[in-house]
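Undergrad: Residue-level listing of the chains:
Number of protein chains: 4
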Amino acid sequence: MANSKYEYVRHFETVDKVLPNTWLVVRIDGRGFHRFSQTHEFQKPNDRRALELMNQCAIEVMKDIKDIILAYGQSDEFSFVLPKSCNLYSRRASKIASTVASLFAANYVMHWGKYFGDHKLQYAPCFDSRVVCYPSDQNLRDYLSWRQADCHINNLYNTTFWAIVHSGKTEIESEEILRGTFSKDKHEILFTNHNINYNKLEDIYKKGSTIIRKKTLVTSISPNTGKPVERTKLVPCALYDDIIGQEFWDTYPELLKER
Amino acid sequence: MANSKYEYVRHFETVDKVLPNTWLVVRIDGRGFHRFSQTHEFQKPNDRRALELMNQCAIEVMKDIKDIILAYGQSDEFSFVLPKSCNLYSRRASKIASTVASLFAANYVMHWGKYFGDHKLQYAPCFDSRVVCYPSDQNLRDYLSWRQADCHINNLYNTTFWAIVHSGKTEIESEEILRGTFSKDKHEILFTNHNINYNKLEDIYKKGSTIIRKKTLVTSISPNTGKPVERTKLVPCALYDDIIGQEFWDTYPELLKER
Amino acid sequence: MANSKYEYVRHFETVDKVLPNTWLVVRIDGRGFHRFSQTHEFQKPNDRRALELMNQCAIEVMKDIKDIILAYGQSDEFSFVLPKSCNLYSRRASKIASTVASLFAANYVMHWGKYFGDHKLQYAPCFDSRVVCYPSDQNLRDYLSWRQADCHINNLYNTTFWAIVHSGKTEIESEEILRGTFSKDKHEILFTNHNINYNKLEDIYKKGSTIIRKKTLVTSISPNTGKPVERTKLVPCALYDDIIGQEFWDTYPELLKER
Amino acid sequence: MANSKYEYVRHFETVDKVLPNTWLVVRIDGRGFHRFSQTHEFQKPNDRRALELMNQCAIEVMKDIKDIILAYGQSDEFSFVLPKSCNLYSRRASKIASTVASLFAANYVMHWGKYFGDHKLQYAPCFDSRVVCYPSDQNLRDYLSWRQADCHINNLYNTTFWAIVHSGKTEIESEEILRGTFSKDKHEILFTNHNINYNKLEDIYKKGSTIIRKKTLVTSISPNTGKPVERTKLVPCALYDDIIGQEFWDTYPELLKER
Chain D
10 MANSKYEYVR HFETVDKVLP NTWLVVRIDG RGFHRFSQTH EFQKPNDRRA LELMNQCAIE
70 VMKDIKDIIL AYGQSDEFSF VLPKSCNLYS RRASKIASTV ASLFAANYVM HWGKYFGDHK
130 LQYAPCFDSR VVCYPSDQNL RDYLSWRQAD CHINNLYNTT FWAIVHSGKT EIESEEILRG
190 TFSKDKHEIL FTNHNINYNK LEDIYKKGST IIRKKTLVTS ISPNTGKPVE RTKLVPCALY
250 DDIIGQEFWD TYPELLKER
Chain V
10 MANSKYEYVR HFETVDKVLP NTWLVVRIDG RGFHRFSQTH EFQKPNDRRA LELMNQCAIE
70 VMKDIKDIIL AYGQSDEFSF VLPKSCNLYS RRASKIASTV ASLFAANYVM HWGKYFGDHK
130 LQYAPCFDSR VVCYPSDQNL RDYLSWRQAD CHINNLYNTT FWAIVHSGKT EIESEEILRG
190 TFSKDKHEIL FTNHNINYNK LEDIYKKGST IIRKKTLVTS ISPNTGKPVE RTKLVPCALY
250 DDIIGQEFWD TYPELLKER
Chain A
10 MANSKYEYVR HFETVDKVLP NTWLVVRIDG RGFHRFSQTH EFQKPNDRRA LELMNQCAIE
70 VMKDIKDIIL AYGQSDEFSF VLPKSCNLYS RRASKIASTV ASLFAANYVM HWGKYFGDHK
130 LQYAPCFDSR VVCYPSDQNL RDYLSWRQAD CHINNLYNTT FWAIVHSGKT EIESEEILRG
190 TFSKDKHEIL FTNHNINYNK LEDIYKKGST IIRKKTLVTS ISPNTGKPVE RTKLVPCALY
250 DDIIGQEFWD TYPELLKER
Chain U
10 MANSKYEYVR HFETVDKVLP NTWLVVRIDG RGFHRFSQTH EFQKPNDRRA LELMNQCAIE
70 VMKDIKDIIL AYGQSDEFSF VLPKSCNLYS RRASKIASTV ASLFAANYVM HWGKYFGDHK
130 LQYAPCFDSR VVCYPSDQNL RDYLSWRQAD CHINNLYNTT FWAIVHSGKT EIESEEILRG
190 TFSKDKHEIL FTNHNINYNK LEDIYKKGST IIRKKTLVTS ISPNTGKPVE RTKLVPCALY
250 DDIIGQEFWD TYPELLKER
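Chains as they are written, first to last, in our numbering: chain D, 10 to 268; chain V, 10 to 268; chain A, 10 to 268; chain U, 10 to 268.
Bear in mind the hints are in silico, worked out from the structure with no lab data behind them. It is possible that some hints are incorrect.
When chains are identical, the list treats them as one kind, so a pair holds in a single copy or across two.
Unchecked claim - Okay, derived cross-link-like pairs now, BS3-like style, lysine-lysine, Cα gap no bigger than 30 angstroms in a straight line:
id, residue 1, residue 2
1, K193, K123
2, K72, K123
3, K195, K14
4, K14, K75
5, K123, K26
6, K53, K236
7, K26, K209
8, K14, K123
9, K129, K72
10, K242, K129
11, K209, K14
12, K26, K266
13, K14, K215
14, K242, K14
15, K14, K26
16, K53, K14
17, K236, K266
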């Protein structure tokens, strides 16, 4: 039962290294999350527990994969950013994409109870993923802006849609009311009919979540002295900032720095 | 905050459809499972619980993804076979690979307790994955033979290695004893020194696990009559057969049939 | 001026090996041949000289690249078939495609005079090319049938179109007359109005050209004896056969044989 | 003979668009030019006619494909640079690569006589080609520096090698003399033994040829007045400059400008 006569099958594997010196974005997307959110009775328009679980998973992925410098998430998706110089798995696309998706999904199950308590997980969640290259800093920022603008558009729609539904209309009626409306119309409907000032909603809903590594003071017990020792460490933290404008990038200039 | 000015970034995504009319194999591999098996005190050379958990995960993946016709697993890897005519996700490689890896990993966490009881899962397992195309039936069979021959070679080595270690030698001494030995030498060491007839070991260790869909009689309660109803259904079942020889393929001729 | 500090740029080159054990088709297409055929006053609907020059170029390519087993051409395109076992340039797609296109184009210029005499070549012809994999014999035959059916459809249209134009109508009028007509309508127009029995046209126009290697008796002068010696040799020859039906493949069974 | 039942074969064609917003380099390489140069008795170490023919071909390619902003050639290779914003053939790699290779080869035959006179072209030249993406300006410059440093290294070796051979040694002896020598040793051998000051050789040999589009005053006859009219036009011109240092890029700043 020697192995050698079968080894030729290895030559059918393709090399899928992505272009060097480009930003890599790994985007994972929940598969069938419409049904998943119904089965698990997610609150509408946003389920705080589900969003915080997503953020925790992203943080766990970043703790494991040190190359990731930033992650941006909204709804059932998360994008992980790897720097141009990154050589993780020799930049093999399928290896990077599948590792991130599988880590994320496993953590989703592990941390479910922390956010959903006795509300039992009915079946395994699933996330697909892909790797995309962005050559310039501007391309990367435009990618992230695209996702955050998408978050805003969807959240304004969903907030208005569910406000109408919660006021007693059917989902079909709500859809009809919103057909053809512009952004300012939805703000107006929310304010006038439902007494909601959209701008005062929490940023986690309006802006999505951005995870970056921040210098954090951590206290640990010295194994030598048995006494507490303080030191700074880079720890992934969730922010709910605007990442489209310039201010965020001026505040964290190291993000786009060559490394 | 219109989305349109950023949408150009979509053009950086590549189309990674795999060639039509070829067998697809999705192989997942445990990432860092050496450490994972140590942290979780897997028994050596084989941990029955870990293997059965792997099989359960593969079965769950097959219950979800109906296109998969066969899965073969050993150690911390599993290969899933999709037929030539399969059009899952329009045959997009990264989507297929990441979906399978993420489903597998999430199920691994979900079903851990069933096999490991109070033995707590310390951290999230991770599996990478890739898609490979095989044009001919022979190529596919040779791929599966390659994995099963690999299982045999590794298992014979590991069984002998750990028998020596369990008899009181260090791991380094055991390695030295085995250096340069042939298959028959290992059989001999096992039999003479450790009273183990390798051929009598359970097939799950020697052959790995092959999951196929078998017609199974299932009983359910009719929603109309409230009485039990029997019907046959295709249910993924684990076998521990030789899949290198012709007999297996003669027994299940539908596996290689055009569909 | 050492080279080593720049050599990293090699890592930006991608590996583009095509899947083993699949038929390879290299299809070249004339670029801008509408203008090229006008500049060089090609006869319409078909220019015999141009077709024979195309065939000669294909034959020259086959003399050079021994792996090619068959070529099929019509109009300004040619498809070259390489067997499943072919390992030309380690199956690198861009290397194979560009080599064939460049050989074809260079031969087009070299042999122009033989077919066009004093009719001077005004500017360099250009052919683009691509490599496509076909896993099964049926896929390959369907590909070739696709090209030959395309030849038939175009040639019937063009023959009718130019018959109408040559009878005194403008090109726009001819186009209008043919709009919405079926195959049998065109046959009828040709026969009734222009006294042309389409079925009696030469096969090179109706079927395109298929080049295969045929055993041919060749005579050469022996360098030892100075006398003529006869031997058989495989020489690329143009046929104008139907390659959609079974008969062609029964006549040349070695074409689809494993090698 | 409807076409539709065969059209499914189109789905086997792969989409090979290269990443947007990256520099594209198309490099063509002479195939089998060692034999080609022997058959056509190229002078050693450099054949001026052959180099000028290569340059003319590159100029003709640039006249045809307006997207190319610069070409660099040496020996039997030429690299064509397309800007980041280039959308030629929707950036399809095989289409771009094969078009350039085929245009180059056809022009090589067309212009052969102009440089080689009665010295007849014996058989069709052939060039393979590939497309490589370079994300940053620095990557592009490093690529070009790599080729020019390669030109220098090869030319110094070849110049010394052939000087030794022309002085009466065999090629094998010459190879042995040069084994292990450094750059300065070769300069010394040339100067002392063969009375050649390498630095005084013509730049076309030492630096290779760089073709850029230069504003050139062209005179044409006005179709209205019948009188000569002068206007400036961008015309591809060969330079033999150092393109590794900064000076060249400062002299032609528009080359690296965004467009």
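Undergrad: All the hints need checking, so say for each whether the structure fits it.
TA: Results for each hint:
1. Taking the closest pair of Cα atoms, K193 and K123 never come within 30 angstroms of each other, the shortest separation being 38 angstroms inside a single copy and 53 angstroms across copies.
2. For the identical chains of this complex, K72 and K123 are neighbours both inside a copy (18 angstroms) and across copies (28 angstroms), given an alpha-carbon limit of 30 angstroms.
3. Only between protomers do K195 and K14 lie at most 30 angstroms apart by alpha-carbon distance; the minimum there is 22 angstroms, versus 66 angstroms within a single protomer.
4. For the identical chains of this complex, K14 and K75 are inter-copy neighbours only, at 28 angstroms across copies versus 40 angstroms inside a copy, given an alpha-carbon limit of 30 angstroms.
5. Proximity of K123 and K26 under a CA criterion of 30 angstroms is satisfied in neither setting, with 37 angstroms inside one chain copy and 39 angstroms between copies.
6. In the homo-oligomer, the alpha carbons of K53 and K236 never lie at most 30 angstroms apart, since the shortest distance is 48 angstroms inside one protomer and 39 angstroms across protomers.
7. Proximity of K26 and K209 under a CA criterion of 30 angstroms is satisfied in neither setting, with 45 angstroms inside one chain copy and 44 angstroms between copies.
8. Neither within a single protomer nor between protomers do K14 and K123 lie at most 30 angstroms apart by alpha-carbon distance, with minima of 51 angstroms and 39 angstroms respectively.
9. Taking the closest pair of Cα atoms, K129 and K72 come within 30 angstroms of each other both inside a single copy (26 angstroms) and across two copies (20 angstroms).
10. Only between protomers do K242 and K129 lie at most 30 angstroms apart by alpha-carbon distance; the minimum there is 28 angstroms, versus 35 angstroms within a single protomer.
11. When the C-alpha separation of K209 and K14 is checked against a cutoff of 30 angstroms, the pair qualifies only between copies, where the shortest distance is 26 angstroms, while the shortest distance within a copy is 67 angstroms.
12. Taking identical chains as interchangeable, the C-alpha atoms of K26 and K266 lie at most 30 angstroms apart whether they share a chain (23 angstroms) or sit on different chains (29 angstroms).
13. In this assembly of identical chains, the alpha carbons of K14 and K215 lie at most 30 angstroms apart only when taken from different copies (19 angstroms versus 58 angstroms within one copy).
14. Taking identical chains as interchangeable, the C-alpha atoms of K242 and K14 are never at most 30 angstroms apart, the minima being 51 angstroms within one chain and 35 angstroms between chains.
15. For a Cα distance limit of 30 angstroms, the shortest separation of K14 from K26 qualifies both inside one copy, at 28 angstroms, and across copies, at 22 angstroms.
16. Taking CA atoms no more than 30 angstroms apart as the test, K53 paired with K14 passes between copies only; the shortest distance there is 29 angstroms, against 57 angstroms inside one copy.
17. Proximity of K236 to K266 under the C-alpha cut-off of 30 angstroms is found in neither arrangement, the shortest distances being 37 angstroms within a copy and 59 angstroms between copies.
Checked against the numbered hints given earlier, this structure breaks hints 1, 5, 6, 7, 8, 14, 17; the rest are met.
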